[in-house]
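Going down the list, the sequences are from chains A and B. Counting with this note's numbering, you get residues 1 to 237 for the letters of the first sequence. Counting with this note's numbering, you get residues 1 to 323 for the letters of the second sequence.
Honestly, the hints are just simulated from the structure, not real lab data. Treat the hints with caution; some may be incorrect.
[Unchecked claim] No more than 16 angstroms apart at the CA atoms, straight line, and that leaves these computed lysine to aspartate or glutamate pairs for EDC-like:
| id | chain 1 | residue 1 | chain 2 | residue 2 |
| --- | --- | --- | --- | --- |
| 1 | B | K309 | B | D290 |
| 2 | A | K122 | A | E85 |
| 3 | B | K321 | A | D187 |
| 4 | B | K143 | A | E233 |
| 5 | B | K322 | A | E233 |
| 6 | B | K313 | A | E233 |
[Claimed, not checked] Okay, the calculated beta carbon distance ranges per label pair:
| id | chain 1 | residue 1 | chain 2 | residue 2 | range |
| --- | --- | --- | --- | --- | --- |
| 7 | B | A225 | A | A229 | 38 to 44 angstroms |
| 8 | B | G243 | A | A211 | 50 to 56 angstroms |
| 9 | B | K213 | A | V131 | 47 to 53 angstroms |
| 10 | B | D290 | A | Q22 | 36 to 42 angstroms |
| 11 | A | D183 | B | G135 | 34 to 40 angstroms |
| 12 | A | E126 | B | G45 | 42 to 48 angstroms |
| 13 | B | S280 | A | A67 | 25 to 31 angstroms |
| 14 | A | T201 | B | Q162 | 49 to 55 angstroms |
| 15 | B | D290 | A | T178 | 33 to 39 angstroms |
| 16 | B | G124 | A | E222 | 30 to 36 angstroms |
| 17 | A | A67 | B | E32 | 45 to 51 angstroms |
| 18 | B | G45 | A | M169 | 54 to 60 angstroms |
| 19 | B | A178 | A | T178 | 50 to 56 angstroms |
| 20 | B | G51 | A | T220 | 36 to 42 angstroms |
[Unchecked claim] Sample of chain A residues lacking proximity to chain B, with all beta carbon distances greater than 10 angstroms (derived):
| id | residue |
| --- | --- |
| 21 | E110 |
| 22 | D183 |
| 23 | D217 |
We treat Cβ as the ideally placed atom computed from N, Cα and C, and that holds for glycine.
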Amino acid sequence: MDRSGEKNLNPYDTHAIEAAMQIKEGGVAVDEIVAVTMGPESAVRALHKAVSLGADRSVHLTDPAVAGSDVAATGYALAQTLKRENPDLVLLGQQSDDGECYTIGAVVAEHLGAPSLTQVIKLDVEGETLVCERQAEYGYDTVEVGLPAVISVGDAINEPRYPSLKAIMGAKKKPLDTVATGDVDIDTSKVGADNSAAQWTAAKAPPQKAAGTIIEDEDTAETVEKIVAWLDERKLI
Amino acid sequence: MANILVYALHYEGAVNKNSLGAVSEAAKLAGELGGEAHAILIGDGAADVAGSLGAYGAKKVFVADAPAGLAGPAIDAMAGVLNGGDYKYVLFGGGLLGFEIGAGLAARLGAGVAMEVTAVTVQGGELVAERPILGDSSISEIKFRSDIGIIIGRLNAFEIKQSGGDAAVENVSVELSAQAGKATLRTRGEQRGADVDIEGADVLVAGGRGLGKAEGFDLCDQLAAAFGGNSAVAATRAVVDAGWYPYAAQIGQTGKTVAPKLYLAAGISGAIQHKVGMQSSENIVAINKDANAPIFEFSDLGIVGDLNKILPKLTEAIKAKKG
Ligand SMILES: Cc1cc2nc3c(=O)[nH]c(=O)nc-3n(C[C@H](O)[C@H](O)[C@H](O)COP(=O)(O)OP(=O)(O)OC[C@H]3O[C@@H](n4cnc5c(N)ncnc54)[C@H](O)[C@@H]3O)c2cc1C
Numbered sequence: 001m002d003r004s005g006e007k008n009l010n011p012y013d014t015h016a017i018e019a020a021m022q023i024k025e026g027g028v029a030v031d032e033i034v035a036v037t038m039g040p041e042s043a044v045r046a047l048h049k050a051v052s053l054g055a056d057r058s059v060h061l062t063d064p065a066v067a068g069s070d071v072a073a074t075g076y077a078l079a080q081t082l083k084r085e086n087p088d089l090v091l092l093g094q095q096s097d098d099g100e101c102y103t104i105g106a107v108v109a110e111h112l113g114a115p116s117l118t119q120v121i122k123l124d125v126e127g128e129t130l131v132c133e134r135q136a137e138y139g140y141d142t143v144e145v146g147l148p149a150v151i152s153v154g155d156a157i158n159e160p161r162y163p164s165l166k167a168i169m170g171a172k173k174k175p176l177d178t179v180a181t182g183d184v185d186i187d188t189s190k191v192g193a194d195n196s197a198a199q200w201t202a203a204k205a206p207p208q209k210a211a212g213t214i215i216e217d218e219d220t221a222e223t224v225e226k227i228v229a230w231l232d233e234r235k236l237i
Numbered sequence: 001m002a003n004i005l006v007y008a009l010h011y012e013g014a015v016n017k018n019s020l021g022a023v024s025e026a027a028k029l030a031g032e033l034g035g036e037a038h039a040i041l042i043g044d045g046a047a048d049v050a051g052s053l054g055a056y057g058a059k060k061v062f063v064a065d066a067p068a069g070l071a072g073p074a075i076d077a078m079a080g081v082l083n084g085g086d087y088k089y090v091l092f093g094g095g096l097l098g099f100e101i102g103a104g105l106a107a108r109l110g111a112g113v114a115m116e117v118t119a120v121t122v123q124g125g126e127l128v129a130e131r132p133i134l135g136d137s138s139i140s141e142i143k144f145r146s147d148i149g150i151i152i153g154r155l156n157a158f159e160i161k162q163s164g165g166d167a168a169v170e171n172v173s174v175e176l177s178a179q180a181g182k183a184t185l186r187t188r189g190e191q192r193g194a195d196v197d198i199e200g201a202d203v204l205v206a207g208g209r210g211l212g213k214a215e216g217f218d219l220c221d222q223l224a225a226a227f228g229g230n231s232a233v234a235a236t237r238a239v240v241d242a243g244w245y246p247y248a249a250q251i252g253q254t255g256k257t258v259a260p261k262l263y264l265a266a267g268i269s270g271a272i273q274h275k276v277g278m279q280s281s282e283n284i285v286a287i288n289k290d291a292n293a294p295i296f297e298f299s300d301l302g303i304v305g306d307l308n309k310i311l312p313k314l315t316e317a318i319k320a321k322k323g
């Protein structure tokens, strides 16, 4: 999938940065918060936003060799980049904002040999263990995860803060490390569009569903009359 | 031979409906490929339900003795079975665990993975997965270059079909990886909030974040009461996670699947994960102040406006109509 338009920080990822900030501000000893992304040159904008929200520094993996990677290859490339940072905790957002894909965390975790959990909406640090809550298929689960771990957070975990003007102005001064595949030991035969194991072919249009009726509410009494008539016609009242 | 392995989720003595759909689909596809569909169940109680999968077309069912409910042990168990057998594809029904296991397995095996798949076809002796993208406005086809291809279905994508038959049940032992041992369930399947029934309702008034606060649900309750009869109130994950409404009323990916005569959404954006749980409703009506909300793409009647203005008047009008 062509992600070249993806430049700004994915709104789901702001929840991950906020979660990191809350752990740090909550009294757990955190050495530093590092924002990591993979993408074209323009992805630095996402990193600027990330450090304006509180990350201490950032790492940008950018290399034509990784362009067009599928989920599995992207996860591998990110994991290689993360290895160099030797993190205690990797936090991700719940999904990308375009791809409806909520699986990258599981791929990264497997490459790091770390336990992982997605869609986490409550995260407490108890020593070397994380106590996580999330909604799974049968209700809410509470899971203990040992560090180091890879956690994807759901959007209900927190209300991300807005960066202050000062933080936005200062963002460009925080250290930004730009790396290519060779810097982080990425085997280029495993990444990029041509080496990805899932091969995306031409898109087609979905079967067309007849468009529904749309009412713009200007006069609510009239709108309601129309709704009632519509429901009545279909014997729904 | 090109066999297909299916992950089957089970809980409290029942196999998940999406897993039954995946087994049925795999049996059909394996038939076309000239192979067999096999399934794997993990954890306590797996042996009790294993044999039942034969009816959906599984020829063999593996019962893995490992903790259930988390991805790690399942990845270990499935990697073991796949390495020791003749498999070309792995299929998952729609579900949160399936996403995690499928993706982790892809990384372990160096395999390609396609997710949110709505249909699978056989082309030239290979499986091709159809995956809607960009808010379902387009469908991509995904093929695999790897020895094994992993396909994760969208919720309710695969039809449950009983083809009859018996499955051989085989126990497998699992050597847990270090990472799998580092995650443990403290509690599973906790129900938060009242136990409400939305699955049997003919009319569902569903509320989302657009209600603004927990009290906003009063507007939905009143409208549902005005419809009377077999009506109920439902919710999105956003408001359930916020504690505004009980989990039992949640529709979607990690909630219920419903198909009432009338589904009326108030302040719901229409995210894919919500849509998959209600798109089979007979009539879909949506009220949203944003004309570009995705829900209007699949509504039969869409009202662009403020629910705070519309819902109270609609409630009155329906009461008046019913007399
Ligand atoms: C793995 C996974 C599983 C998930 N499972 C589920 C699930 O089971 N069920 C589910 O629902 N979601 C699920 N989600 C979440 C889903 O992606 C959405 O985030 C969620 O459905 C959004 O809920 P919402 O529509 O209430 O909120 P929002 O998306 O915030 O939408 C609120 C809407 O209200 C409108 N609005 C605001 N004020 C007004 C007003 N005054 N009048 C009218 N309209 C107004 C806005 O325009 C907006 O469209 C899941 C996500 C993931 C990643």
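Q) Cβ-Cβ distance between A225/B and A229/A: within 38 to 44 angstroms? A) Violated, since A225/B and A229/A (Cβ atoms, about 21 angstroms apart) do not stay within the stated range.
Q) Could one say that the CB atoms of D290/B and Q22/A fall in the range 36 to 42 angstroms? A) Cβ of D290/B to Cβ of Q22/A: about 30 angstroms, so the range 36 to 42 angstroms is violated.
Q: Compare the distance between the alpha carbons of K321/B and D187/A with 16 angstroms, and conclude whether the hinted pair is satisfied.
A: 69 angstroms, violated
Q) So does G51/B sit 36 to 42 angstroms from T220/A, Cβ to Cβ? A) Once the Cβ atoms are compared, 59 angstroms apart, the range 36 to 42 angstroms for T220/A and G51/B is violated.
(Q) Confirm or reject: E110/A is not an interface residue toward chain B, with every Cβ-Cβ distance exceeding 10 angstroms. (A) 4 angstroms, violated
Q: Note whether the CB distance of G124/B and E222/A lies within 30 to 36 angstroms or breaks it.
A: At roughly 57 angstroms between Cβ atoms, E222/A and G124/B fall outside 30 to 36 angstroms, so the hint is violated.
Q.
If I claimed the Cβ atoms of G45/B and M169/A lie 54 to 60 angstroms apart, would that claim hold in this structure?
A. Given range 54 to 60 angstroms: holds, Cβ gap about 58 angstroms.
**Q.** Restraint check for K322/B with E233/A, where alpha carbons must lie at most 16 angstroms apart
**A.** 14 angstroms, holds
Q | Status of the stated non-contact between D217/A and chain B (beta carbon gap over 10 angstroms) | A | 3 angstroms, violated
Q | Assertion that D183/A lies farther than 10 angstroms from chain B (Cβ) | A | 22 angstroms, holds
(Q) Tell me if the beta carbons of G243/B and A211/A are separated by a distance inside 50 to 56 angstroms. (A) 36 angstroms, violated
Q: Look at the Cβ atoms of A67/A and E32/B and judge whether their distance stays inside 45 to 51 angstroms.
A: 35 angstroms, violated
Checked against the numbered hints above, the structure violates hints 2, 3, 4, 6, 7, 8, 9, 10, 12, 13, 14, 16, 17, 19, 20, 21, 23; every other hint is satisfied.
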